[in-house]
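Visitor: Sequence:
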Amino acid sequence: MTDFTPFEDLLRGHAGLLEDTTHDRWLRAQALFEERGYREAAVLLAELLDDPGDVGHELTDVRLLLARSLFHSAQLDGTIRVATELLEHDPNEPYAHLLVGRALQRKGLKDEAQPHLRLAELLGGYRT
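In this note's numbering, the protein residues as written are 102 to 229.
Please note that the accuracy of each hint is not assured.
As the list claims (entries may be wrong) - Pairs of lysine to any residue residues, derived as SDA-like cross-links and limited to a Cα-Cα distance of at most 25 angstroms, are as follows:
1. K208 with L177
2. K211 with P192
3. K211 with L160
If you are wondering where the hints come from, they were derived from the structure by calculation, not from laboratory data.
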């Protein structure tokens, strides 16, 4: 059996190669989303929100990507919850309004969806 301890010690001090940093998890979540691994991305993003640590970007970005991941994986209640939380912090985020509106539409709640869809169009130019 080979002892890799010296090699691991060498890597440990260089660019965090053996550590799973918050930034690494953020990048991995983005990659999973791009690869259409929406459920996996949602799990990783939810963990980031639970323990943001030294997030170098805005939590709005994490919440928005989480809401998108939930929407694309047909977790509509989660989409509405996360996008609504995002809107509490940033009420002018047009894509969050679009996600809430589309999720409500998919749940058959067209009347409740309309105000969000109108705001998405007014704030961000999203055609609904």
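Visitor: Starting from K211, check that the Cα of L160 is at most 25 angstroms away, please.
Guide: The given pair, whose Cα atoms are some 29 angstroms apart, is violated under the 25 angstroms limit.
Visitor: Given the hinted pair K211 and P192, is their alpha-carbon gap at most 25 angstroms?
Guide: Answer holds: K211 to P192 is near 21 angstroms, not above 25 angstroms.
Visitor: Please verify whether K208 and L177 have alpha carbons no more than 25 angstroms apart.
Guide: holds, 7 angstroms
Checked against the numbered hints listed earlier, the structure breaks hint 3 alone; every other hint is satisfied.
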